[in-house]
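Line by line, the protein sequences give chains A and B. Mapping of the first sequence onto numbering that gives the first Met the number 0: position 177 corresponds to residue 176, and the numbering continues sequentially without gaps. Mapping of the second sequence onto numbering that gives the first Met the number 0: position 58 corresponds to residue 57, and the numbering continues sequentially without gaps.
Any given hint might turn out to be false.
Looking from chain A toward chain B, a few residues come up when the C-beta cut is under 8 Å (computed) [to be verified]:
hint: 1; residue: Phe175
hint: 2; residue: Ala217
hint: 3; residue: Ala229
hint: 4; residue: Pro248
hint: 5; residue: Cys252
Simulated DEER-style distance windows between Cβ atoms [as the list claims (entries may be wrong)]:
hint: 6; chain 1: A; residue 1: Leu36; chain 2: B; residue 2: Ile62; range: 56 to 66 Å
hint: 7; chain 1: A; residue 1: Thr165; chain 2: B; residue 2: Lys38; range: 26 to 36 Å
hint: 8; chain 1: B; residue 1: Gly51; chain 2: A; residue 2: Glu90; range: 23 to 33 Å
hint: 9; chain 1: A; residue 1: Gln302; chain 2: B; residue 2: Phe61; range: 13 to 23 Å
hint: 10; chain 1: B; residue 1: Thr64; chain 2: A; residue 2: Leu36; range: 18 to 28 Å
hint: 11; chain 1: B; residue 1: Lys38; chain 2: A; residue 2: Val40; range: 35 to 45 Å
hint: 12; chain 1: B; residue 1: Leu52; chain 2: A; residue 2: Phe184; range: 15 to 25 Å
hint: 13; chain 1: A; residue 1: Glu90; chain 2: B; residue 2: Thr64; range: 23 to 33 Å
hint: 14; chain 1: A; residue 1: Met242; chain 2: B; residue 2: Lys38; range: 15 to 25 Å
hint: 15; chain 1: B; residue 1: Ile46; chain 2: A; residue 2: Lys138; range: 47 to 57 Å
Stretches of chain A that chain B covers, calculated by requiring three or more beta carbons in the stretch to come under 8 Å of a beta carbon on chain B [said to hold, decoys possible]:
hint: 16; segment: 188 to 195
hint: 17; segment: 220 to 227
Since the hints were derived computationally from the structure, they do not count as laboratory data. Quick reminder that beta carbons are idealized off the backbone N, C-alpha and C, glycines included.
So you can see what is in the structure, the chains are spelled out below.
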Amino acid sequence: MMDNSTHVTVNTTDCEAVEIPHEIFFAIAMVSLTENLLVVVAVIKNKNLHSPMYCFICSLSIFNMTASVSKTWENIMIVFSKMGHLYSRGELAMKMDDVMDGLVCMSFLGSIFSLLAIAVDRYITVFHALRYHTIMTMKRVAAILAGIWIFCAASGVLMAIFSHYTIIMTCFIVLFLISLALIMFLYVHMFLLARTHARKIASLPGNTDHQKHNMKGAITLAILFGVFIACWSPFFFHLLLIMICPLNPYCECYRSLFQVNVILLMCNSLIDPFIYAFRSVELRSTFRKMFCCSGDIFCHAIQCLQLNSNIRLQ
Amino acid sequence: MSENSRISNTTSRQAASPPDYVWEYEYYDYEPVSFEGLKAHRYSIVIGFWVGLAVFVIFMFFILTLLTKTGAPHQENPEPSGKHHCMNSFAVDFRRSQESDKVLSRQVVEESRSLFHCYINEVEHLGTAKLDSKASGLKHSSLHTGETLGDNKLDEEMNLAKFNIPNFVSSEQSSTLGDDDLLLCEQPITLNNNADDSSASNPKTSSQNPQLRSQTPHGLF
Chain A
0 MMDNSTHVTV
10 NTTDCEAVEI
20 PHEIFFAIAM
30 VSLTENLLVV
40 VAVIKNKNLH
50 SPMYCFICSL
60 SIFNMTASVS
70 KTWENIMIVF
80 SKMGHLYSRG
90 ELAMKMDDVM
100 DGLVCMSFLG
110 SIFSLLAIAV
120 DRYITVFHAL
130 RYHTIMTMKR
140 VAAILAGIWI
150 FCAASGVLMA
160 IFSHYTIIMT
170 CFIVLFLISL
180 ALIMFLYVHM
190 FLLARTHARK
200 IASLPGNTDH
210 QKHNMKGAIT
220 LAILFGVFIA
230 CWSPFFFHLL
240 LIMICPLNPY
250 CECYRSLFQV
260 NVILLMCNSL
270 IDPFIYAFRS
280 VELRSTFRKM
290 FCCSGDIFCH
300 AIQCLQLNSN
310 IRLQ
Chain B
0 MSENSRISNT
10 TSRQAASPPD
20 YVWEYEYYDY
30 EPVSFEGLKA
40 HRYSIVIGFW
50 VGLAVFVIFM
60 FFILTLLTKT
70 GAPHQENPEP
80 SGKHHCMNSF
90 AVDFRRSQES
100 DKVLSRQVVE
110 ESRSLFHCYI
120 NEVEHLGTAK
130 LDSKASGLKH
140 SSLHTGETLG
150 DNKLDEEMNL
160 AKFNIPNFVS
170 SEQSSTLGDD
180 DLLLCEQPIT
190 LNNNADDSSA
200 SNPKTSSQNP
210 QLRSQTPHGL
220 F
């Protein structure tokens with residue numbers, strides 16, 4: 000909270016809003032923007048990556064980029080206003096504020112729906128493997144993505160305009176909870192099947208320890224869920240508390256950590272490429288080719304990373 | 000969410016002037032909250048929330064690891080009568096077992112043979128045979144080929160197993176892929192290139208990839 004003189008009667012036990020320096024916001028936003036841009040460019044450039052799974056990952060990256068851009072823009076506005084460069088003409092500033100709020104809502108909703116789409120795509124891959132290419136045609140993928148984008152844009156506009164009404168907040172929170180429940184169900188079901196397969200394969204001669212593989216799958220799932228829950232739920236709990244107990248001092252103390260919650264959301268944009276996009280060997284090799292001019296230091300660094308990851312796989 | 004207050008508190012206390020638009024992060028301006036007489040620590044909700052979140056994530060992780068160690072609760076076994084029937088009417092062809100079976104005990108081989116023949120018949124009748132608990136005791140790779148008979152779901156599952164088999168048997172690298180890399184990397188491309196750029200640089204391989212992709216699942220975990 001920028002305004003330090005909010006409360007005329009300052010109580011000694013007041014929960015002051017925790018401020019996070021602008022540099023941290025900018026740094027996280029820039030890194031997340033770079034990563035997601037790399038992912039988008041790599042998916043577009045490489046023809047092998049024009050598959051439904053990578054289309055959804057690309058969509059997730061675009062939404063993360065939108066979130067980073069809008070948060071950065073807002074941060075810049077705040078810095079300018081603090082330094083006095085921004086003339087706070089009511090209407091223009093409010094309109095810009097509305098646009099940015101709409102963008103932020105759209106990108107957050109879009110991230111959630113993209114994650115859900117990725118989970119559904121993986122689910123169909125596992126449980127309907129032979130019919131996958133008839134179920135997930137590129138036309139349907141385009142339709143799904145168009146639907147997600149249109150819905151998120153409309154929701155962003157609605158939320159920015161009508162954010163005062165609690166029904167909007169309730170819808171937002173309910174959407175988040177439903178998406179979380181669906182994602183957990185899909186992944187746990189897939190995990191159970193993968194474990195069953197591992198057990199069958201373990202019965203073959205020459206197998207390795209399937210317990211170790213199941214443990215890896217469990218760790219992967221835990222990371223997926225853990226990051227999603229840890230990054231998204233503080234913010235949504237904040238929204239919930241605003242609706243439920245706006246005047247309660249305890250809730251006020253939670254709400255004083257608003258900037259921390261926003262930073263967590265931006266961290267989610269930063270971490271998502273690592274747990275979705277960068278796990279793919281094909282994507283990593285595309286990066287290597289993108290950066291690799293012969294004799295380049297960067298090229299050597301990426302080659303070392305590739306080598307290490309190959310050794311790790313072996 | 001929307002983070003800018005429409006009316007700042009300071010300007011609201013300056014009467015008569017139009018409210019300046021202040022760029023802040025806290026959108027919702029309420030009356031000052033009284034902090035007197037708090038019984039618990041003022042950050043108790045914050046602490047409670049984060050502790051609850053951590054407990055939930057750790058609990059979920061433990062549930063997942065427990066699932067890796069215990070048996071599958073979703074195993075759908077064939078009817079016990081059918082199983083009994085299979086167990087009782089096994090053929091005595093185990094003497095013609097292959098060399099790979101010699102490492103097994105006779106009982107397991109008998110059981111595997113009998114169940115193999117039995118399931119060929121059962122799957123045609125029932126159409127939904129789940130072979131989880133049996134598979135653990137069976138060490139014959141041809142059984143997996145036999146398991147591909149049956150309905151679509153079973154077919155798909157077994158084809159998944161069938162397509163996974165070369166990964167886990169042929170080379171050590173692919174055998175270490177396991178669930179983890181199955182669910183995160185794209186499988187046909189990891190199969191095709193031990194070197195990373197062979198699939199993209201080789202047009203033949205890349206044209207074959209969609210074919211492979213249509214048959215094998217995307218790498219997931």
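Verification of the supplied hints:
no. : hint                           : result
1   : Phe175                         : violated (12 Å)
2   : Ala217                         : holds (4 Å)
3   : Ala229                         : holds (6 Å)
4   : Pro248                         : holds (5 Å)
5   : Cys252                         : holds (5 Å)
6   : A:Leu36 x B:Ile62: 56 to 66 Å  : violated (37 Å)
7   : A:Thr165 x B:Lys38: 26 to 36 Å : holds (28 Å)
8   : B:Gly51 x A:Glu90: 23 to 33 Å  : violated (43 Å)
9   : A:Gln302 x B:Phe61: 13 to 23 Å : violated (39 Å)
10  : B:Thr64 x A:Leu36: 18 to 28 Å  : violated (36 Å)
11  : B:Lys38 x A:Val40: 35 to 45 Å  : violated (55 Å)
12  : B:Leu52 x A:Phe184: 15 to 25 Å : holds (20 Å)
13  : A:Glu90 x B:Thr64: 23 to 33 Å  : violated (57 Å)
14  : A:Met242 x B:Lys38: 15 to 25 Å : holds (24 Å)
15  : B:Ile46 x A:Lys138: 47 to 57 Å : holds (50 Å)
16  : 188 to 195                     : holds (count 7)
17  : 220 to 227                     : holds (count 4)
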